[in-house]
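Given next are the chains, with one letter for each unit.
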Amino acid sequence: MSVTGKKWRMITWMATLLAMVLLSGCTTLRGTGDLGLVVERASGSVQVLENSHNTLLGSVTGLGDLSHATAVFSRDGRYAFVFGRDGGLSKVDLLTMQVVNRVIQAGNSIGGAISQDGRLLAVANYTPGGVRIFDTETLQMKLDLPALAADGKLSKVVGLEDAPGQSFVFSLFDAGEIWLLDVRDINQPKVQKWTQAGLQPYDGLVTPDGRYYLAGLFGEDGMTVLDLWHPEKGLRRILQGYGRGEAKLPVYKMPHLEGWAVAGNLVFLPAVGHHAVLVADLQNWQEVAHIPVHSQPVFAMVRPDNRQVWVNFAFPDNDTLQVIDIPTLKVIKAFRPGKGIMHMEFTAKGEEVWISLRDEDRVEVYRTDTFERVAALPASAPSGIFFASRAHRMGL
Amino acid sequence: MESSRQQELLHLLRQDCGSCHGLRLLGGLGPPLTASALQGKPKEYLQQIILHGVPEQAMPPWKGFLNQEEVGWLVDRLLEGVAE
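Quick mapping for you: the protein sequence lines, in order, are chains A and B. Using this note's numbering, read the first sequence as starting at 1 and increasing by one per residue. Using this note's numbering, read the second sequence as starting at 1 and increasing by one per residue.
Worth double-checking, as some hints may not be accurate.
Now the stretches of chain A that chain B is said to cover, found in silico as 3 or more residues with beta-carbon under 8 Å [unchecked claim]:
{"no.": "1", "stretch": "57-68"}
{"no.": "2", "stretch": "242-252"}
Simulated restraints, written as ranges between beta carbons of each label pair [to be verified]:
{"no.": "3", "chain 1": "B", "residue 1": "SER4", "chain 2": "A", "residue 2": "ARG236", "range": "47 to 55 Å"}
{"no.": "4", "chain 1": "A", "residue 1": "HIS392", "chain 2": "B", "residue 2": "ASP76", "range": "47 to 55 Å"}
{"no.": "5", "chain 1": "B", "residue 1": "GLU80", "chain 2": "A", "residue 2": "ARG30", "range": "48 to 56 Å"}
{"no.": "6", "chain 1": "B", "residue 1": "SER4", "chain 2": "A", "residue 2": "LYS330", "range": "34 to 42 Å"}
{"no.": "7", "chain 1": "A", "residue 1": "ALA247", "chain 2": "B", "residue 2": "PRO31", "range": "39 to 47 Å"}
Derived by calculation from the structure, the hints in this document are not laboratory data. All C-beta atoms, glycine included, are put in the ideal place defined by N, C-alpha and C.
Using the sequences and the accompanying hints, generate a full structural model.
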């Protein structure tokens with residue numbers, strides 16, 4: 001072989017090597033199972049995070065008004081769909097940290113859910129009151145369902161959750177109704193409606209098995225349950241009079257219900273206007289305990305291993321967290337991470353929890369066994385924290 | 001009123017009133033609080049609502065956290081359009 005030939009082969013080989021290095025630099029493969037996002041409510045941005053090493057990877061901007069923003073995840077875990085207050089629905093690529101699609105789908109909205117098969121998104125809207133459904137690939141609208149209640153008026157929609165059987169279930173705040181929407185055939189949606197669901201349902205949850213829908217009521221002392229396995233049995237009112245005749249306190253922040261409420265047969269629920277977390281037995285819906293806590297709970301979230309419930313509180317006590325031990329149903333820990341605790345999110349197996357401190361401009365990560373703080377990361381007025389591991393759970 | 005207190009009040013307005021009325025006060029579970037939405041509503045009426053709340057709706061009383069002067073100042077800001 002000539003010297004030139006050898007040289008040429010060497011150059012080709014080096015060029016190939018260089019190309020491989022460059023390519024791998026651009027497209028390092030990684031999964032999204034440990035990714036998530038933190039909503040920065042005031043700046044209309046989210047930060048992408050990873051919870052294996054507790055770092056923030058980068059910021060995604062231009063998402064509009066993110067007060068009360070929530071997110072759901074595509075079932076491949078790659079995309080987050082962020083629901084903004086201003087009706088914005090944004091599709092964010094967690095890997096490239098880009099907004100890949102965005103629509104303004106309504107004037108004022110409160111959240112949404114992704115269907116059982118991952119193909120449809122449903123958004124709960126205040127203005128115009130109703131539910132709109134979008135294709136997850138294109139964000140094209142597939143269905144517009146005004147929440148026209150029995151009283152002939154449009155109602156604000158709250159507590160929208162995904163449910164088995166390619167369904168969505170939600171409540172009508174103004175009208176006190178619960179609707180179950182079956183979109184197995186999106187061109188022929190089926191809606192079942194229940195009136196008399198109680199006064200001012202403010203939020204809802206679906207149990208992790210997808211069986212029960214619970215609506216929290218602001219206007220009365222109690223909650224409403226729909227058995228999604230037996231919708232023909234209708235609604236059932238539970239925990240009636242849980243305030244035990246004590247005057248309801250003014251509510252400076254509405255509690256939130258989420259699918260993290262269940263541990264075994266027990267369901268943990270924030271009382272409205274009372275300093276208590278309520279515990280009911282899923283088998284008969286009787287009250288098992290009424291756990292006194294520091295203030296009015298906002299979130300009562302069960303750690304993924306079902307051993308603890310973490311509770312945060314409404315203004316002006318939103319600087320405190322309490323932890324309830326489930327075997328004894330007692331508060332075992334109270335601490336004050338800082339001002340404006342908005343949300344908590346457990347890692348998928350629950351060894352750590354992320355906490356957003358809105359008024360401190362940071363998020364913190366705690367071990368859930370020792371309660372030791374293991375990370376503190378800067379974020380601008382952070383509120384919701386959502387991990388991609390939610391992609392594979394019902395009712396989140 | 002000191003300017004640091006004014007900043008606290010604006011923070012409270014956006015963040016805590018904002019949990020029901022929206023961060024930009026464009027409305028949520030509670031009604032919008034933009035200047036155009038409040039047009040024609042008497043100042044005293046708005047002050048009373050903030051101080052004493054509307055118990056049958058979800059509006060809580062703020063009198064334990066805000067004094068008369070502070071509520072008056074906030075209402076002035078709302079009426080001149082503090083929202084974006």
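Comparing the hints with the structure gives:
no.	hint	result
1	57-68	holds (count 4)
2	242-252	holds (count 3)
3	SER4(B) to ARG236(A): 47 to 55 Å	holds (51 Å)
4	HIS392(A) to ASP76(B): 47 to 55 Å	holds (51 Å)
5	GLU80(B) to ARG30(A): 48 to 56 Å	holds (50 Å)
6	SER4(B) to LYS330(A): 34 to 42 Å	holds (41 Å)
7	ALA247(A) to PRO31(B): 39 to 47 Å	violated (25 Å)
Hint compliance for this structure: hint 7 alone is broken.
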